[in-house]
Amino acid sequence: MSKFNVLEHEIVPEHHLVPVEEEESVLTKLNVTKDDLPKIGINDPTIKALEEIHGKLVPGRIVKIIRKSPTAGYYEYYRIIVKSVM
Amino acid sequence: MISLIWRDTKKNVELISKSVPCAYAIDYMPADKIDTAYISTDKQNVDYEVKISEILKYEPMDDLIFKRKTGLKAILKISSIRKINRVPISEFDMEEGFKELTSFAMGEKYQVDYREKEAFSLSPEAKEVLEDAESKGYDIPVSLVNKLVKYKKSLPYNKYEKLLKRVDLELKKREIDPFEAVGIIAAQSIGEPGTQMTMRTFHFAGVVEMNVTLGLPRLIEIVDARRIPSTPSMTIYLTEKYRKNEEKVRELIKNLENTTIIDVADIITDVGDMSLTIKIDRNKSRERLVSMGDILSALEKRKGIIYNEIDEDSISIKLQQESFKMLYQVQEQLKSTPIKGVNKISRAIARIDAKEDAWVIYTQGSNLREVLNIEGVDSNRTTTNDIIEIENVFGIEAARNAIYREAENTLSEQGLNVDKRHLMLVADMMTFSGTVRAVGRQGISGRKSSVLARAAFEITSKHLLKAGLLGEIDPLAGVAENIIVGQPITLGTGAIDLVYKGNKK
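Heads up: the sequence lines are chains A and B, in that order.
Each residue of the first sequence is one higher than the one before, counting from 336 in the working numbering.
Each residue of the second sequence is one higher than the one before, counting from -3 in the working numbering.
Don't read these hints as lab results, they were simulated from the structure.
Note that the Cβ used here is the ideal one computed from N, Cα and C, for glycine as well.
Check the hints yourself; a few may be wrong.
Claimed, not checked - Straight-line C-alpha distance at most 20 angstroms; calculated EDC-like pairs for lysine to aspartate or glutamate: (1) A:K364 <-> B:E130; (2) B:K132 <-> B:E166; (3) A:K364 <-> B:D164; (4) A:K403 <-> B:D135; (5) B:K340 <-> B:E305; (6) A:K383 <-> B:E366; (7) B:K444 <-> A:D370; (8) B:K275 <-> B:E328; (9) A:K364 <-> B:D135; (10) B:K79 <-> A:D370; (11) A:K364 <-> B:E10; (12) B:K314 <-> B:D266; (13) B:K351 <-> A:E345; (14) A:K364 <-> B:D128; (15) B:K73 <-> B:E10; (16) B:K73 <-> B:D31; (17) B:K275 <-> B:D290; (18) B:K340 <-> B:E352; (19) B:K237 <-> B:D135; (20) B:K123 <-> A:E349; (21) B:K65 <-> B:D135; (22) B:K146 <-> B:E171; (23) B:K79 <-> A:E387; (24) A:K383 <-> B:D43; (25) A:K383 <-> A:E349; (26) A:K399 <-> B:D135.
To be verified - Here's a subset of chain B near chain A, in silico, CB distances under 10 angstroms, partners left out: (27) L140; (28) A346; (29) I386; (30) E387; (31) F390.
Construct the complete structure from the given sequences, taking the supplied hints into account.
Structure (C-alpha cells):
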C-alpha cells in the first residue's frame, strides 16, 4: 500500500461494490450462478481500496466493473470476490 | 498530522494495555506536540495505536512504567491503546526516510483519499435514448447510444422509433451465433498474422543501450504470462509542475537511475596492508550527481568495516576481521552497494512526447511501486510493460487491460490488423480466475475441467493416470472429448440435443 489510490489510475476501470440486495437481480440478468462468475481475489489491490471505502469485505460479494471498450463504449462486467486465486 | 512511532517489546505493550490510563517513561523527547503514537513490535509493521494526553519531562514518579532503566527523558501519559490492522512502516512519511524502525521516530501517516472512480457518465440526452431502447427490449451499446442522440432531436418520433428498431435488428444480425467456436477463431486470427511478424528485438528510438522486445517474441511473452519480461520498461508521466521543466526532469532521471559504487568509483584492493580504497571518478560522479557524502552514507549501513583514511576523492577502508577471504568478499559487495536511485531501473531517458507536448521519461527496468511514490511522478498514468507487476500493484482488471493494450500495440506496431475482440477474448480468458494465467499447459489448457481434453492437449499419460486414480468423471461437454469418442462435437448445429419427453397424459 502506498500514497496513491489505485482506483484513480487510468488503467484501472471503475470498480463498484454490488449491494447484497441487488446481487440476486444481477445473477438473474446474467442467467448464471455465483460460481460461474469470473473471480477476483480478496487481496487484490482494488478490493483493498474498496475495503477502505466500504469496510471489511467478505468472499462471496460481487463487484461491478465498468469497463471501457473500444467497440461498445462502456460495458458492465462482474467479478465475485474469492478467498484465494490460483 | 505528525505522530510518534517507536519499537517496543510485546511485554511492555501488554503492561500498558493492562494499566491504561498510565504514565510511561521513555528515553526520547519528542520535539513537537503529539496526541497519537504508534507502536511496532517487529521492525517493519505498526500494530498498536496509542492516544497520548500529555507529555512531561522525566522525573521520578509513582506508578511509572519504564521502557528502559537508564537515559529516560520524557513521560507519556497514555490515555488509551488499541490494536490496529498491521500497517507497514513504509506508509509513514518519516523525516529520516528509512525502512526499518529501530527506536523512536517521528512520522506522518500517509492519508490516501480513497474514492470510487466515476469516469463513466452519460449525458441526460443519451440516458433518455438508452431508456427508450431498454423499454422496447433493445440492447444497444453505449457507443451507439451517443451517436443516436442527435437523431432523437432531428427526426420525428415515429421515425426515431423505426431507427431504434433498425439499429437493434442490425446489431442482432451481427451478433455471434450461439455455440460458435470463438476461441478457435480468435486463436487463428492472432496466429495467422503472427507468421508475418519479425523475430528481432529493436533499439528504442535511437538510444543504443535501450532495447525493446517487439514482434513475435513479445507476443509470445504476453500470452505466456512470463513473470519477468525480457525487456521490462516503464513510461513515466510527470505531474504538471515537472513536465515542462527540463532541469527538474534531468534531476528526476538522476534520482531514478540505480547507481552503485562501481558506477562512479574504482575499488582498489591492497593485499599488502589489507585495505580497500574507493577512488572516486570525478567526471562520472558529477554526471550522476553523486557526492562524497552520498557514498559515505551508503557505506554507513555496512558493518564490519573501519575507515582508515578519508580525503577529497578517495576512501580507504580496513576490515575489522582481517582475512583475505573477507577482503575479497567485501570488495565484491562494495561494488554493488547502491548509492541512490530506484532498484532495478538501470537506465532512464527523457523525451518530449509530441502528443503530450511535455517531457515523458522512459526507463529500462521496471519498479512500479517505488516509482509511483516518487514526487513529480503522475501516479495516475505512469505504467510499465510488465503485466505481472501491474497485476500486483493495480489488480486483476488492470492486468486484463494491460494484456489487451500490450498485445494490441505489438500487433499494430507491425502493421497488422487483428480485430480487437479477439484480443479482448484472450485477455478475458487469461484473467478469468482472478490471476493472470498463461495460455498453454501451465495455464488455461492445463486446467480444463475435462480429463480427455487435457489428455488430448499435452502429457496424455499423466492426465489419464491421475484421472483413473481419482475416479474423475468426464461429461463429454467439450470439443476434444467428443472427437476422441467419435461423437458429433458440441458446436454449431452439433450443440442441439434431442430429448424425448414421453407421452403427456
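- Task: Compare the structure with the hints numbered earlier in the document and write down the numbers of the violated ones, lowest to highest.
- Result: 5, 10, 11, 18, 19, 21, 22 and 28
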